[in-house]
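S.K.: The residues making up each chain are set out below.
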Amino acid sequence: MNICVFVKRVPDTESKIRINQESNTIIEEGLNFVLSPYDEYAVEEALKLREAKGGQVTVVSVGPEEAMVVLKKCLAMGADEAVLVKDDQGETYDSLRISKIIAQAVKKKFADFDLLLFGKQSVGADNAQVPAMVAEFMGLPQVNVVTKLEIEGNTGTAWREIEGALEKFKFSLPAVLSAQKGLNEPRYETLKGIMAAKKKEIPVWTLNELDLGEEELNPQLEIVKMESPPPREAGKIIEGEPAEAAQKLVELLRNEAKVI
Amino acid sequence: MILVYIEVREGKVKKSSLEALSEGARRAKDFKTEVNAVLVGDKMDNLASEVFPYGAEKIYLLENALFGHYSAESYAQALMTLIEEIKPDVVFFSASAMGKDLSPRVAAKLGVGLASDCTSTAARDGKLEITRPVFAGKILVALTFKSKPQIATLRPNVLPLAEPAAAKGEVIKKEVVIAEDQIKGKAVEVIRGEGAELDVTEAEIVVSGGRGMKGPENYDLLRELTAILPQSAVGASRSAVDAGWIDHQHQVGQTGKTVSPNLYIAFGISGAIQHLAGMSSSKCIVAVNKDPEAPIFKVADYGLVGDLFQVIPHLKEELKKILKD
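So the protein sequences, as listed, match chains A and B.
The first sequence begins at 1 in the numbering used here and counts up by one.
The second sequence begins at 1 in the numbering used here and counts up by one.
There is no bait here: all hints are sound.
Straight-line Cα separation of at most 30 Å, DSBU-like style, residue types lysine-lysine; simulated pairs:
hint, chain 1, residue 1, chain 2, residue 2
1, B, 174, A, 168
2, A, 248, B, 214
3, B, 257, A, 16
4, B, 127, A, 225
Honestly, the hints are just simulated from the structure, not real lab data.
With the rest of the complex left out, here is chain A:
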């Protein structure tokens, strides 16, 4: 079972994000970058499937040179190979562009695969578009936001999260899946893995090499402006003993805030 997992380098979730208003970008200085949390579940699932069924796990990131760090982490977790598709375009919030790059990379370089795995969304752009777009470009079935997965031969069953319920999907391989928290418990890197990852060479592919021209990669969305949401003001502190305070609170919710 050959699996490609697509991962992204993102600011960690505890980061306070600041903006450069002139360039419409976030200020990277001082941020701690990590493997996007949902991607960890995708990597873990790939490793578990390989352990059960054999095959190879290749991890791919589309991004700047700095994304090497997250590829190294995936290697240290146990991935067999890692590849960087070098792309220095900053965040455009346009998933079509990234999906074209990924689909082209898969078509040109990975003829033989059973699964393309993703995190359900990157932390940051929060688009949740790339897996489905890649599936469309590749003519493959998709199951997104997966919390449970079973593969039997050439078919799979996946349970995906929808509003207040799970939706059970049947699909044939090859397929595109995106991982949601709950799918598994991602493993930590081992010391041995970290040492091996250090030595491992990570090939770098250029967009040129993938025969992708500038025009087809032009983002289809244009950033007009970025801003921080208006800060919320701290409101009233309700004093008193629990019984009294609870009564006051309910009174305020009904008559002042009018929400109950």
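Knowing the structure of chain A, use the given hints to seat chain B on it.
M.R.: What follows is chain B alone, placed relative to chain A:
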């Protein structure tokens, strides 16, 4: 023309799609154009009457027996065929689980950009401009489109539902040809937990518990509150989910769900930045916490410094009193 995808789940029209239609009707007015709706399914005869009151002039019903099982592959095929025929300038989806699954496939088929999870839309110089939260709401970005149709998914529970009007328009049925072997993946079953819980993203009131809940058994206290409060759901912080006290479906925050209910009540949640990102767009926030220095109080409209285990029983009684009638 603006086209809005109306989602049908288990034979019912989804409310968040009607919110998207309401927004579509508002923008259609700005653009001096019409708004139409499209439904995909197998048996939809009675559904048009539920959709017309929210502003649709025409309703397209795309029918095929295969649509009884949701599949992004076949639904996207059906929508693309219609979009190529009627050429809308704007297409809206709800950013529901299905909308998020389906819309990228449609956008990829058409080779156009897609803006996800928008919280406002506007007409500017004849073009659509949308605003959407990124980094789970830490930043807002305004976007315009270079491609047409301009496709956006709209976050549930944020944009107001129009006042329903006694309106009726034209229903256009279209039989869609789909070869069964083109569908390589499809939904076969929807599995609901006990009592068909409301999702935190759809609830009007979210009652959330964090580390201060002390253990999984105490979430029953929150469930007792949601049993009293209409349209409410139980939420949780990441630390409570990571401790295994409650399922991750309930998690609110950057690695969970982003919610914008009318009322968000945080019990024993300190207010880490990644949690605040997921709930700061709530209309009214209440915090109950023992620690007066907890960051959650900085965003709360009403703060109650105290022991949640003492507060909840009284709160329950007070709520029962006023919600009885």
